[in-house]
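Chain by chain, the residues:
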Amino acid sequence: MDEQALIHDAQGGNLDAFNTLILHYQDGVYNTALRILGDGDLAADATQEAFISAFKSISSFRGGSFKAWLMRTVTNACYDELRRQKRRPTTPLEPDTDDGEEMDSPRWLADPNMTPDQKAEADELEHALQHCLNNLPVEFKSVVVMADIQGMDYTEVAIAVRVPLGTIKSRLARARLRLRECLQGFEELLPASFRLEEGTST
Amino acid sequence: MNQRDLELLSSYLDGQLKPSDSARLEARLSTDPGLRAVLDDLRSARGLLRRLPLRKAPRNFTLTPKMVGKNPPLPRAYPAFRFVSALATLLLFFTLGLNFLAPQMASQAPAFGMGGGGAPDVYSAQAPAAAATEAPAATEAPAAAAEMAPLPTTTLSAEDAARNTVETPVEKDGVTEEPGVLSQGQAPVQNAQPVPAEAPRPVPPVWQFVLAGVALLSALIMLWMRQMSINRWRRK
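Residue numbers (the numbering used here), protein chains in the order written: chain G, 4 to 205; chain C, 952 to 1187.
If you're looking for bench data, these hints aren't it; they were derived computationally from the structure.
Treat each hint with caution, since some may be false.
Label pairs and their calculated CB-CB ranges [said to hold, decoys possible]:
| id | chain 1 | residue 1 | chain 2 | residue 2 | range |
| --- | --- | --- | --- | --- | --- |
| 1 | C | F1160 | G | Q14 | 41 to 51 Å |
| 2 | G | G15 | C | Q1178 | 19 to 29 Å |
| 3 | G | E190 | C | P1016 | 50 to 60 Å |
| 4 | G | R65 | C | F1160 | 49 to 59 Å |
None of the values given here were measured: they were computed from a predicted structure.
Heads up, the beta-carbon is just placed ideally off N, CA and C, and yes, glycines get one too.
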């Protein structure tokens, strides 16, 4: 995929070129929205909004990391969604079962190739991590999602959230520390190699 | 654990420290188990986050023209037809207006003194001599008036002519300035005698038909191009 050529064509109004870019980036953008919002449906809506917004404003892209530019768009869409949630009553993060009870873990996202035991463990761990992510302030959450889950470097994250590099380092360090503290409450769910020692750093 | 150390450890974990800073931190880590423990905790937290499965997007988020309020791309020739259509329409209305206004202006020309120095109706068949003597400069007026709309000049009475000649003494200056006009003064009056039934139009109607045809044809071609583009886009 010649990304620069596709971006150039999209800037000229070529929707097919932009759709090719969407197909390449949609998983990453969706996962970022999913981890920031903690809800699959909201993440899908935010992702769609982000791509629409990105196409409409693609003429403002002046080069550099297109992924970072896209992540900024989806982060903004997530912030908008979170602001909407604050104004309106919140919906549960877990989907309801047929009899109306909330599911304990997000099984609707599970990988179908895993054994039932693996699936259960993965679901519980994911649930714990998502729970801890949800408890982070949104500006910490977006940074840690992009750096640690999306694997973006500091510069890309700085472009995406439009803050100085020093702020990124600070937010990332504090976000990791808070996550560590939060995950101590789910010690029994963590794989042995990731068990944390209590009270080591505070 | 202070904030500065926490940031150093986090950046060290990501390999974002300068070599000199890394060396200093490593020296501290070798002697400070508390610092090492925090580094391990941060590494564990980062490792767990990296273990989060990357979910496949639940659907394709590709955009449709409707979603972005976008029109289909039009052929390159489209703007040319748009220009031709607009120009032809503009010219059509201009010529229509010209043909409509020209006869009216011609009929009002004497009153407005077109070429007559302000009193062209001084001329009439009944008072050529007075006109020639008292307002010779006005002799140009009937010529123009006769060409464009000679009807009013033939209906003037001698009384009107006389009155107008009295009211326009200024025209005498014209005599002194253009003496040669005086001798030719009567000729236009005599030429004005054969009155055409209808004034000719500045633009022949055939040109208006051509312009209307070009405008209409261009508009139809544009419509066809747009429809073809939409159909082609829908098939994609």
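Here is how each hint holds up against the structure:
The supplied range of 41 to 51 Å is met by F1160 (chain C) and Q14 (chain G), whose beta-carbon atoms lie about 46 Å from each other. With their beta carbons about 23 Å apart, G15 (chain G) and Q1178 (chain C) fall inside the hinted range of 19 to 29 Å. For the hinted restraint 50 to 60 Å between E190 (chain G) and P1016 (chain C), the CB-CB distance of approximately 52 Å keeps it satisfied. In this structure the hint that R65 (chain G) and F1160 (chain C) lie 49 to 59 Å apart at CB holds, the actual value being about 54 Å.
The structure agrees with every numbered hint stated previously.
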